[in-house]
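Between the sequences and the hints, there should be enough to build the whole structure, so can you do that?
Chains as they are written, first to last, in the working numbering: chain A, 939 to 1377; chain B, 6 to 364; chain C, 435 to 747.
Hints in this document: simulated from the structure, not taken from any laboratory.
Quick caveat, the model's predicted, so the values are computed rather than measured.
Just so you know, even glycine gets a beta-carbon here, dropped at the ideal spot from N, CA and C.
Zero decoy hints are in this set.
No farther apart than 27 angstroms at their CA atoms in a straight line, the calculated lysine-lysine pairs in the DSS-like style are these: (1) A:K1240 - A:K1314; (2) A:K1196 - C:K592; (3) A:K1145 - B:K98; (4) B:K174 - A:K1368; (5) A:K1278 - A:K1288; (6) A:K996 - A:K967; (7) A:K1137 - A:K1114; (8) A:K1235 - A:K1317; (9) A:K1196 - A:K1113; (10) A:K1317 - A:K1344; (11) A:K1055 - B:K98; (12) A:K1314 - A:K1196; (13) A:K1344 - A:K1230; (14) A:K1130 - A:K1368; (15) B:K98 - A:K1366; (16) A:K1229 - A:K1317; (17) A:K1317 - A:K1230; (18) A:K1098 - A:K1145; (19) A:K1368 - B:K98; (20) B:K174 - A:K1055; (21) A:K1113 - A:K1130; (22) B:K174 - A:K1366; (23) A:K1167 - C:K592; (24) A:K1235 - A:K1344; (25) B:K15 - B:K356; (26) A:K1344 - A:K1114; (27) A:K1235 - A:K967; (28) B:K98 - A:K1130.
Covered by chain A, according to a simulated footprint, are these stretches of chain C (three or more residues, beta-carbon under 8 angstroms): (29) 560-570; (30) 655-665.
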Amino acid sequence: MNNLVKKITIVMLIGVVFSLTGLAQAAEKIYVPMLTYTTGPYAPGGLPIDQGFRDYFKYVNATGGVNGVMLDWETCEYGYNTGRGVECYDRIKSKNGKMGVAVFPLSTGVTYALIPKTQADGMVLHSMGYGRTDASDGRVFSHVFTAPMTYWSQVTAITKYIGEQMGGLNNLKGKKIALVYHNSAYGKEPIKTLEVLSKKYGFKFLKYPVNHPGLEQKSTWLKIGRQTKPDFAIIFGWGVMTQTSIKEAKAIGYPVSKIIGNWWSASENDTRPAGAASVGYKAAGFHTIGKKYQLHKDILAKVYGAGNGSGEKSVVGEVLYNRALVQGVILTEAIRAAQKKYGNIAINGKQLAWGYEHVNLTSSRLNELGLGGFMKPLKITCANHEGANNLLIHEWDGNNWVNPSKWYTPMYDVTRPMIESSAAAYAKEKGITPRSNCN
Amino acid sequence: MIYREAGQFKTSYNSDQALLPVAQDRFFVIGLLVVAYLVIPFVANDYWLNSIFLQFFIFALAAIGLNILTGYAGQLSLGTGGFMACGAFSAYKLATSFPDMHIIIVLFIAGLITALVGMLFGIPSLRIKGFYLAVSTLAAQFFLLWLFNRVPWFTNYSSSGVISPPPIKLIGDYYITGPQATNLTQYFFTLTLVVVMALGARNIIRGHIGRSWMAMRDMDIAAEIIGISPLRAKLSAFAVSSFYCGIAGALWAFLYTETVQPLAFEINQSFLILFMIIIGGLGSILGSFFGAAFILVLPIFLNSAPALLGLKLSGSLVTHIEFMVFGVLIVFFLIVEPHGLARLWGIAKEKLRLWPFPY
Amino acid sequence: MMQAFLFDPFMMMYDSPLFFVEVLVSGLMSGVMYALVALGFVLIFKASGVFNFAQGAMVLFAALTFVGLWELGVNPWLALILSAVTMIGVAFSVERIVLRPLVNQDPIIFFMATIGITYFLDGFGQTIWGSEVRPLDIGIPNEPFMDFAEWSGLYINKFDVFATVVCSVLVALLAGFFTKTKIGRALRAVADDHQAALSVGIPLKTIWTIVWSVAGIVGLAAGILWGSKLGVQFTLALIAFKALPVLILGGFTSIPGAIIGGLIIGSGEKIAEVYWGDAFGGAIEDWFAYVVALIFLLFRPQGLFGEKIIERV
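Here's what the structure looks like:
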């Protein structure tokens, strides 16, 4: 009886698959599985990113796809929970028997978990501004990309900024820089780099872990504000932790203008709840903020104008929304690069990886995309999956991000050797032979 | 009619004390194993093998562990996540320090280490019980996670505090972890492990130790009077329970997520496993399996059901509904059937005994 | 190593006594906030013997309702009243739907049922009001008294002082309610002995509804205070975990115990984190309170002020 049902189901499934592939052959799409989190403690961060992704994909499809090939996507909600994230990935990694081409886990924990899985599935894993930093070494991690920047590069650029505030990097000697970090894989990433920098420039590096989800920071800021009194405090916070940091700093009288958030602590959703306390707070980013760019206007016209917006119109142009656009632009550029080699077809993950390694976002290309001045040019290569990019610092005026600083180039001479040695150690541990055909 | 034990005579003590004295139960379990070993691996796709069955086995193992402590020995624990983390991290340290050690030995020793840690955190149970104990097991939860997060030695000084197990061979060329490991190898391995450990648990519970746990649960003073040492009964319950949870944690880190950071074992994980045993049935090994399956499949079902019905609900709404359904189900089960799915199964068997001639 | 644990912290205290006072005061004040959450637990446990795990979710739900209504343009005072009414509604339905069918079950079953309520309220609150962070500004600035700081060198936070005042008023009101009113006396009678209370004609079910409502309203106060400190969102429910060690320390059945336990945990936690945090490597607050409570339990299983009836093993 049971067997009969199973047989019938299998026959039906085969029929469905056949008819679908029959249809799909007419217009094959590039399928992208999307992991999102719009619930749980980190929902305020996940919501705008999710909206940005979907808006951009809709926009690409509304303007004729990538060289005529449409994008297709499926979302899975995992609530920033690593176990659920892995399950989600397995559930949506393929659609109608067609494997996805790339996945963006949006969580450092899930990124670590998916590195072996995406490799087995021949999929690109793009952790943009999060994840495993040493995966920037393309010779060891052939399918993982960290462009346009990693945490390690980020803190070197922030250190440059701090140095400039002090009148030059040489003046950092004897100064104190504190790191207040989310006590998880994500928050711990920059520690080693800051330790190296503190040796190099002679500043004192103080670290303050904050436990998930980050509500308990009173004593941390008591120590910072009243005891150690560092010259600058860098925050690696996420979700509610960021605003709690700002509020506790204010409550203890530590100047908020001396606090610099990393790019995940730069969301309006995290600074706005801190209210007036957050005026003067600074945060880093590898792209600018706002919706004055042509791409935003096009999205508003073609996606929201057609009533297809994925969320509230006011979110367009927010920090995390724009970050999702960067992600989308890099993806479509990589697809285009791959299509140059493989023809205007629905490429697969392996071909996309090749495309990623040949992304060259020049400033004239950025202009064409309607993003002139939005971010700095980016070039990814086979060996360097991080590419080279720049970072800038914004200031929060209570309602908006204002006063963009100039662009800072990270100290790649510091981070690159660290990345290479760390990747080599990983390769050794896992028995991977680094690709030699890169240079 | 179908489930009728009339006519099955026990002619020896051995057959009377068999694990499954009723023939139908035996056939059912054997049938289930045949399906699990011979049918599922060939029918199920990767998603089912890796995401559903693997997770199901691991959670069932953890649920058996918690059920031993809470269901059989009556000690409510909210520290399951901490013990799982302990298993995962000790297994990682063992596997990286002794690369030639076989995976089974790694898991076994990791389980023993967790058992020791469990006993340590079980000491307060000698003085307190009930809610006070539940709250104090939270100390284990928070302290252990902090410890693994804090001490870099546990993660072999990884910069981000994430561990990922090295590739380990099971037999010959079959890898059990790492990119070369196939879903089938992992499936058979965990399946066998779960079956063996579930049988082990069932036997421990039938034996002297298990009965001392139940006596302690039902009335501690009476148990003490008939000569059961509370010290031994309670600490052994903590030890055995932690042993199971530790192995489950190690499997979770090694086979399922293939990488783990302490945050993955946070308090929600402990609650999830507690729900499994509440819904599955307190004091029932079978119930642990039911509960694990239910809690695992329910959110996935809720997630995909609206799409199947053609409804377009946002991901967040679905998750919120999932929360509400969880809450309602827990209350529902406690009111309607405090003994969980396992009791429903028992009722079904009672009905089947008479069906289709109820009189 | 030993020096970092045994010597350095005390040197630090000796070197800057003013800073120690600051840490102590701010610890005491966060203790007040913990006590406010713990109070809700105690009320319900006292009257019904139910360990209400859902208190954290009730805090979140109350705060969400309050902010949500306020954002809809309702006058804040009216919003306050409406949220209080909502909490009474929650209490009523909890009594009707959950507690009544479970009468005579083990306390552990009640406890697990309240975990169910927690999940339901978390999901329900977010379904209605969404999961983004809602800022809540009740007009009390979260900053130090600057004049006082310049005069004495001590940084005392305005908001913390306000919270302390609110908490004291609330406790005074509750104390009055328990000792002076008829319902309060009935509540105490129920807490002392269910059977005896029933036999003198105190309606147990009504009492349960009342006590859950009072706990809900205390939760509302806690939610507004915590919410304006942290923003109202999902994670607010997690402050319940901060209140549990307070309960162990103070005893499940004692209102003064909740207050004093809160003060001890709050100040102890801050002092430990500030002075011993470095030796341990930081972020020890999460478990410190639990371990203190645990060690304490080994010597005094009924808590500071708890009743001795708690069974010893």
